[in-house]
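S.K.: Protein sequences appear in the order of chains A and B. Quick note, the working numbering runs 8 ahead of the 1-based positions in the first sequence. 71 is the number that the working numbering gives to position 91 of the second sequence; each next residue is one higher, with no gaps.
Calculated directly from the structure, the hints in this document are not laboratory data. Be aware that one or more of the hints could be misleading.
Unchecked claim - Here's a subset of chain A near chain B, in silico, CB distances under 7 Å, partners left out:
| hint | residue |
| --- | --- |
| 1 | HIS116 |
| 2 | ASP120 |
| 3 | LEU138 |
| 4 | LEU142 |
| 5 | ARG148 |
As the list claims (entries may be wrong) - Within a straight-line C-alpha distance of at most 30 Å, the following computed DSBU-like cross-link-like pairs (lysine-lysine) qualify:
| hint | chain 1 | residue 1 | chain 2 | residue 2 |
| --- | --- | --- | --- | --- |
| 6 | A | LYS44 | B | LYS103 |
| 7 | A | LYS44 | B | LYS115 |
| 8 | B | LYS84 | B | LYS103 |
| 9 | B | LYS99 | B | LYS115 |
| 10 | B | LYS99 | B | LYS84 |
| 11 | B | LYS103 | B | LYS115 |
In this text the structure is predicted, and so the values were computed from the model without any measurement. Where is the CB? At the ideal position from N, CA and C, for every residue including glycine.
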Amino acid sequence: MSGGDENTSDPFHGAPIDFDRLDTIRERFAADDRFKRIADQPAFAPERLVCVYDQRFYPERVRAARLEVVWFENGDFSLHYHEEHESGEFDHRWDRHPSGHNTRDHVHPGPDAPTPGDDTSHPADWRDVLSMVLSEIEDRQRAFWEE
Amino acid sequence: MDEPRDELKVDADERAEAPDFDALTPLEDLVRGDRTRDDFFDAVLALDSPATATDVAELAGHGVDAAREYLDWFERMGIVTQVTESPATYERNQEYLSWRRVQKLRQEYATEELLDLLKTESKREETLEREFNVKSPDEISISRYASETDRTIEEVWERLSAWQTARRRVALLERALTTESGDGADLQSAV
């Protein structure tokens, strides 16, 4: 890693977590049938939302599944999907942030979300990013039930 | 994203109880909220430069007339500020969002709780300040710092973002603990 110039876009100094965006996402997800509960810590200014999927979308071998959502004021984000199995785990991450080995937009694919990940490009609108991610998760959920 | 491995998939018995995915709220609607107001609120929160009513209408997915009405209302509430006259452009008022959060803090927490939270966040801030050994995260260039300290860009980005977040929290908590707040009173009467 050379600290090269690939991440010259603003800002160089990181940005605080976008508490308001997380609040908005929590409000919208809290009433949805997909999730059993949405947790955030600390509640007064959340640093991530832990969105726990309802168990009925998974076979019994999958003990639990959740999506962790982190968003920053400059538009950077990290969305981390995690499954716990009877034996083993599955992880997949969609990221936008400075990186020494990937472009700003990248994914760390399952089953173990390795570093470095794959370069990609995510939608510009945060709501499109979110629906893309939820839709990929839903595709995986549906696949559990197929022959 | 990969499909699940075969041994994780349901067996024939379980398959009979497959969930009805098609009955769920469509994702497009879920992430956008179900009110027109949400669409416009999302649109103005996403503004990073001055925008016209046409820009905002496009972002919100509604008509220009509705955009003008909402911008007018949002401006009276302090959610946006008007930047230019003709054409009229608006930008997100971060000050409003901070003010709103400070009001919530005052409503939801007792003074002792706020002091406890402030103590915790101040400690985090001090720890990070010591770690980077400068006064402000704005003095750090992520890529340069990473190569100088032989850490990965991700690690530095994470720590620096944590520092920015701790600073923001401290600022909000300090404001919530300040009983006299001129700008707050002004904004309150405007809503």
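S.K.: So, for every hint listed, does it hold in this structure?
M.R.: Do the hints match the structure? See the list:
1. HIS116: violated, 11 Å
2. ASP120: With Cβ-Cβ at 11 Å, over 7 Å, it is violated.
3. LEU138: Where the cut-off is 7 Å and the nearest Cβ of chain B is about 5 Å from A:LEU138, the hint holds.
4. LEU142: Nearest chain B Cβ about 5 Å off; hint holds.
5. ARG148: The hint holds - A:ARG148 has a Cβ within 7 Å of chain B, the shortest such distance being about 6 Å.
6. A:LYS44 <-> B:LYS103: The given pair, whose Cα atoms are some 34 Å apart, is violated under the 30 Å limit.
7. A:LYS44 <-> B:LYS115: violated, 42 Å
8. B:LYS84 <-> B:LYS103: Holds, because 23 Å separates the two Cα atoms, which is no more than 30 Å.
9. B:LYS99 <-> B:LYS115: Distance ~19 Å between B:LYS99 and B:LYS115 Cα, so the pair holds.
10. B:LYS99 <-> B:LYS84: holds, 19 Å
11. B:LYS103 <-> B:LYS115: Cα-Cα ~15 Å, so holds.
Against the hints set out earlier in the document, violations occur for numbers 1, 2, 6, 7.
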